[in-house]
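Quick note, the sequences are listed as chains A and B, same order.
Residue numbering for the first sequence follows the numbering used here, starting at 1 and increasing by one per position.
Residue numbering for the second sequence follows the numbering used here, starting at 1 and increasing by one per position.
For the record, the hints were derived by calculation from the structure and aren't laboratory data.
Watch out, some of these pointers could steer you wrong.
Taking lysine to any residue and the SDA-like style, the derived pairs with C-alpha atoms no more than 25 Å apart in a straight line are [as the list claims (entries may be wrong)]:
(1) A:K268 to A:P151
(2) B:K625 to A:L380
(3) B:K581 to A:R383
(4) B:K581 to A:V386
Computed list of chain A residues with no C-beta within reach of chain B, every gap over 12 Å [as the list claims (entries may be wrong)]:
(5) G93
(6) A122
(7) Q141
(8) R147
(9) A238
(10) Q398
(11) E421
(12) R432
(13) E464
Idealized CB from N, CA, C, for every residue including glycine.
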Amino acid sequence: MMMRTRHRLTIAALTLVLILSSRTVPAQDAKASTSSMEETPYAIRAWLAVDPQARVGAPTARALAEDWLVLVRRFVGEPWQIELADDEGALRGRSPSELTAEIVAPGLQGADKGWFLRVEPADSGGGYLLVGREFDATTRQLGPLYRQPAPYPRDAARSLFELSRRIFAPVAEIERTDGGAELLVQGASLPAADPIGRVVEPDSIFRPYYLFLRPDKTVQEIRSIPFTYLRVVEIDGARARCELVSGLRQPLPRQVAGRYRLVALGLKPADVPTRFRFVAGDGDQEHPAAGYVLTARGVGNPVASEVGTTDREGRIALPPHYSDSLVILRLLAGGVEPLREFPVLPGETPEEREVPVEPRPEAVALEFRLKALQDEIVDLVARRGVLEAKLEARANGQAWDEVKQLLDEYQQLPPRRDFEERLDRLEDDAQRTQAELGVPILTRTAQAELAETRALVERYLSDEAYTTFLNIYRESQDRGSAAPTPSAVVAPAPPSAAPNPIAPAQARPDSEEPPQPAPLRPRPKPAGSGDPVPF
Amino acid sequence: MPFLRPGPRPLSAGLVALALVLSALGAGLTAQPTQDVSLPTDRDLLRDPPFDRLTLIDGTVLIVDPVSPRPLPDKEEIRKAESEEQPRYERVGGLLVSKAPELKRDPSENAIVIRTQDEEPRDYYVKILSIREVDYFEDLLLAEAVRRARSGDFGRAFELVLAVQTRAPDWPGLRETSDRITLLEGEDALTRGRVDDGLRLLGELYRRSPDFPGLKPRLAEAYADRIGLALEQGAFALGRRVLSDLKALAPESPIISQMERRFVDRARRLAEQADRLDGPDRVERLAEALRIWPSDDEIAQRYRAAFSEAPVLDVAVLDVPRRPGPFVECPADDRVIQLLYLPILADTSEEAKRGGRDRQIAAELTSGDIGRRLVIEVKQGLSWNDGSRPVASADVARALSDRALPSTIGYDARWASLLSRVTLLDERSVEVVLNRAPLDPAAWLLIPVGPAHGGRDGLVWTPDGPRPIGSGPYTLGPLSPTTARLDRADGSTAATVPIARIQERRYVSPADPVSALRRGDVTLLESVPLDQLDTLSEEPAIRIGRYRAPRMHWLAIDGRNPLLRNRSLRRGLSFAIDREKLLEERVLRRPLEAATVPSDGPFPVGSFADAPDVSPLAHDPLLAKMMVRAAKQELGEDSIALTLAYPAIPTARAVIPRLVEAFEDAGLEVTPIERPPSDLESELRRGARFDLAYRTARIDDPVRNAGPVLCPGYTAPPQADGLGALASPRILQLLLRLEQVQDLPTARELVITIDRETRDELPIIPLWQLQEHFAWRTRLTGPAEEADTLYEGIESWTIEPWFAPDAP
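With the hints as constraints, model all of the structure from the sequences given.
Pasting the structure below:
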């Protein structure tokens with residue numbers, strides 16, 4: 001039975017408060033001094049098992065292993081020191097998917113890594129399916145299951161080598177820098193036999209861990225830093241300069257109690273879905289965050305795409321192979337209010353991760369009321385536009401009776417101050433409620449919506465047109481039906497150069513610059529616009 | 001041509017006249033019906049200018065403008081007149097000598113002016129006596145008409161006849177030709193099997209020319225054929241009517257008694273078959289016999305006796321269920337399910353929870369762990385209708401578990417999310433553990449229960465094949481796309497359920513269920529079209545009832561179509577609809593009423609869930625156009641085409657053409673697709689894709705119904721992505737939050753918020769709410785003036801036997 005490990009993200013924590021667990025982790029001595037880490041190869045103990053249904057005899061399996069080791073030496077060389085176990089070890093009677101850290105750890109005394117490889121029959125067609133996963137002794141992490149098809153049995157060794165490249169996760173020591181972090185990667189100084197055998201490459205992804213040490217420098221507790229990744233930007237010898245991508249404000253604080261080491265373990269995406277469950281509330285009030293929209297964008301890419309909507313249980317999954325590199329996920333309430341943003345490497349783990357969110361119902365309600373208000377304003381602008389066009393035509397034709405009717409009709413429309421007052425009320429109510437309840441209502445998104453709505457009112461609900469036509473009408477009445485010459489009746493200048501938000505831009509003379517198209521409706525800032533979201 | 005002299009030139013061109021005197025010999029010139037007259041092949045009689053064809057005495061044939069007068073005077077008379085007028089000989093000195101020709105005779109006397117239809121038309125005088133034969137244009141038309149009729153081109157034939165009628169209504173031979181063509185056409189129709197058309201034509205001919213040769217025997221023959229055809233087709237009322245017409249037409253015809261004998265024999269054969277049947281089958285067989293020949297008193301008496309023992313209720317419904325089993329997939333299922341399968345609880349009242357309701361399985365419902373744990377105690381004494389065993393906890397457990405399995409028909413995603421496990425405590429008790437405490441646990445137990453020994457489709461295998469076995473007072477009999485039969489279950493008796501059989505029928509257009517009720521073919525009508533309510537209520541033998549809850553109508557929107565996720569487009573759709581006008585002009589055909597009004601959200605006016613401060617949805621065609629245009633710009637589309645599926649119900653049929661028109665005016669291409677109501681609704685609930693769909697429902701419980709109303713596939717399996725149909729993420733979020741709520745005040749508040757925000761978000765396009773009615777004939781006693789469901793209180797209904805006699 002696969003053990004489900006839940007990674008809980010603490011809410012609004014500026015520093016990590018670390019509670020030393022009373023349960024100790026089996027002793028694992030601290031690594032040798034970092035100065036030799038980059039020259040230390042990986043002591044890898046590998047177990048290779050064969051599924052009886054794969055129809056691979058012992059001689060064939062031996063040959064496969066030997067050929068594989070040849071490839072390892074040829075393409076990787078020094079950094080990997082592989083010891084192939086004689087027996088199946090933890091794989092006896094199990095597939096790699098059934099392994100747990102507790103099962104495999106005892107067999108790795110003295111080794112840095114344990115590889116659990118199995119040859120299985122292919123799902124369809126000929127050949128095999130090679131599956132494997134790695135257990136890292138330093139961080140005590142059992143990696144996800146990787147699958148590598150081997151359609152040509154004679155070339156299975158190459159497929160096995162490819163699998164081992166995928167499951168291999170380099171280990172590094174983390175050094176904090178001003179801009180991010182630097183990694184001193186184990187074995188990085190050792191020359192690889194071939195470029196593809198290099199231990200670390202640019203764009204490699206690492207996950208950081210705290211190894212809390214006892215006074216005797218054995219490891220007492222290992223704690224991962226959730227939703228935090230290091231992305232290798234540049235490699236300088238054994239050192240890799242990294243960009244820190246995190247959903248926390250301070251993922252690597254310096255003020256950490258206790259003796260510890262900061263290490264990082266490499267990550268590669270496996271072909272498994274990446275599953276999340278979003279929950280809101282605490283304790284008895286906890287409930288799934290159902291119906292929320294999840295978007296994703298690449299790191300540094302401002303454009304986000306919609307992944308989907310959480311289901312009744314607050315669950316949603318990124319499909320396998322969603323992306324080979326880090327993505328920034330953002331959960332939106334009502335499709336507009338960002339609640340949570342964090343990075344993830346799709347395929348990092350098959351286990352479902354539970355992510356708490358603060359639903360902000362009051363902020364979302366405010367935003368949708370503002371949207372409804374914007375709809376009203378847009379409708380009003382359209383109706384005014386129609387009336388103004390009619391007024392112009394009637395005034396030019398000196399049909400003053402109709403002009404009067406139209407002016408009366410215009411006056412029946414809601415005036416600008418109505419909207420201003422409603423906006424003021426909304427904002428005041430929001431501020432008051434925010435203060436009373438202590439919950440965020442006037443969030444960045446809500447404020448942006450407020451600002452957009454005010455801009456709509458200011459820009460498009462000017463009374464200038466009405467006033468102009470009213471004056472023209474009055475003049476005509478004062479002159480006692482002695483109507484001004486048609487040339488004197490001109491349409492009032494539009495209140496601004498901005499075109500009507502409803503109608504498309506009209507053709508303009510070449511001498512005029514085309515105005516910037518006004519949005520039909522104010523749009524919220526696109527997801528992933530790059531602004532940090534407070535948590 | 002020596003017989004032609006140029007005629008007078010038109011005045012404008014001057015006049016030069018040369019007179020010709022021609023002696024005419026030959027046939028008279030009176031007009032007669034022309035037989036087999038050949039036509040110039042380059043002439044279209046109806047399009048080209050009219051003409052006459054003159055054949056002169058020297059054989060010259062001329063095509064000329066129609067001559068005048070028409071017809072020309074009789075040549076014999078002219079000849080006689082000329083000879084009397086001036087003898088050719090005179091006595092000179094006792095000798096007879098011929099006279100010199102008189103040159104003083106006016107050349108135009110007894111002559112006509114003709115104008116040739118050549119490339120250069122010319123006018124001539126022609127002595128009438130020089131004309132051997134005249135083929136008048138009218139005769140040519142009539143001859144051509146007969147020729148066309150003989151070759152089957154009756155349309156053309158009558159056009160030709162009509163042309164003659166227009167030119168000369170009194171033309172000799174016109175009427176005879178018209179009659180002849182009618183006869184030909186009638187015979188042709190009969191020959192081709194279009195018996196009704198043939199009868200109609202021959203009947204018309206009979207009315208205007210009863211003595212037309214050969215008509216009567218042909219007509220009698222045709223009537224006999226028609227009656228025979230009606231008998232074969234089972235249109236017995238029609239056949240009897242035609243027989244009655246024949247009696248009036250030819251009372252002495254021997255065919256009459258032959259045909260009557262056929263009716264009587266057939267009816268008596270069915271009556272004999274009925275003797276071998278019992279119960280409602282006997283009643284229906286005798287009713288069939290009476291439908292053939294209602295005048296047979298003996299059969300009528302037997303029918304009344306059989307009906308008294310096993311009354312049958314015929315019901316006209318909007319649609320029938322689609323498949324048997326304890327599943328509610330459409331409104332038709334909802335209508336009959338409680339007659340077929342008892343639910344766990346009849347309602348959510350305390351009495352029901354204590355087992356105080358008759359029509360339920362639970363003897364008691366207890367809850368613990370703040371509503372997360374339920375224990376259902378099953379009543380004693382309930383059995384399955386196949387007599388196999390009593391209803392037990394295993395049946396309840398199966399029903400509850402199956403509804404949480406995506407592969408089963410009755411799957412409900414909400415229940416699947418709620419249910420943790422079901423455990424059999426003993427033969428009579430079931431424990432249900434939920435993942436969370438729902439708002440009202442009892443509301444989840446109103447589901448029908450089928451036998452645990454049934455298959456996944458709810459049917460039980462018997463030696464006679466798979467059958468739907470239930471625990472209700474009725475069992476489901478044969479099911480077809482338009483009929484459903486419910487028979488009193490073996491465990492029920494006349495004392496408990498007087499009506500032995502319910503025969504439901506869906507009337508497919510052009511058949512009309514209201515007419516069927518008026519005729520008496522059905523006794524109960526599920527839904528009275530609102531525009532016929534007043535006229536129907538005036539019928540003394542018909543009573544009208546009212547459903548308590550109004551029915552909401554709306555257009556569902558599929559947000560899985562990215563176009564429909566555009567807010568401007570949805571607003572444009574809403575602005576395009578003139579709800580008030582459509583209601584008044586197309587649905588009600590009278591002014592609006594209190595309970596029949598446009599709606600602004602999913603919930604009825606007056607319901608607690610109807611937000612009070614929501615302004616009505618406006619109709620503004622100009623704004624609609626603007627919104628649609630804006631949507632096209634936002635989406636980068638030049639045109640937007642959508643489908644609109646609608647159920648074949650009177651209200652939808654009345655308004656759909658106008659809706660489509662309104663959407664087209666706004667700039668959208670909308671294709672309407674009519675579907676049977678049960679098919680449409682069950683597909684939508686399973687999560688099928690659509691664009692727009694016309695839906696209706698009564699909203700009994702806004703908290704529970706909000707989701708399925710706003711999203712058709714709300715309870716569909718996850719793979720159908722039913723929730724994706726909700727075009728508004730905000731509304732989806734509110735609905736899913738509503739599912740989690742555990743206290744009533746919060747639930748009410750949320751529902752009101754949903755109602756309010758639906759107006760702006762438009763996950764659906766609200767249309768209107770209608771106060772709906774049902775109707776029944778007074779021979780049925782028991783239905784109440786007001787009911788929640790059609791069959792409410794059916795245990796106490798009684799019905800008198802009746803069959804429709806022929807009108808005198």
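Here is how each hint holds up against the structure:
no.	hint	result
1	A:K268 to A:P151	holds (23 Å)
2	B:K625 to A:L380	holds (15 Å)
3	B:K581 to A:R383	holds (21 Å)
4	B:K581 to A:V386	holds (23 Å)
5	G93	holds (30 Å)
6	A122	holds (27 Å)
7	Q141	holds (31 Å)
8	R147	holds (24 Å)
9	A238	holds (49 Å)
10	Q398	holds (25 Å)
11	E421	holds (16 Å)
12	R432	holds (19 Å)
13	E464	holds (22 Å)
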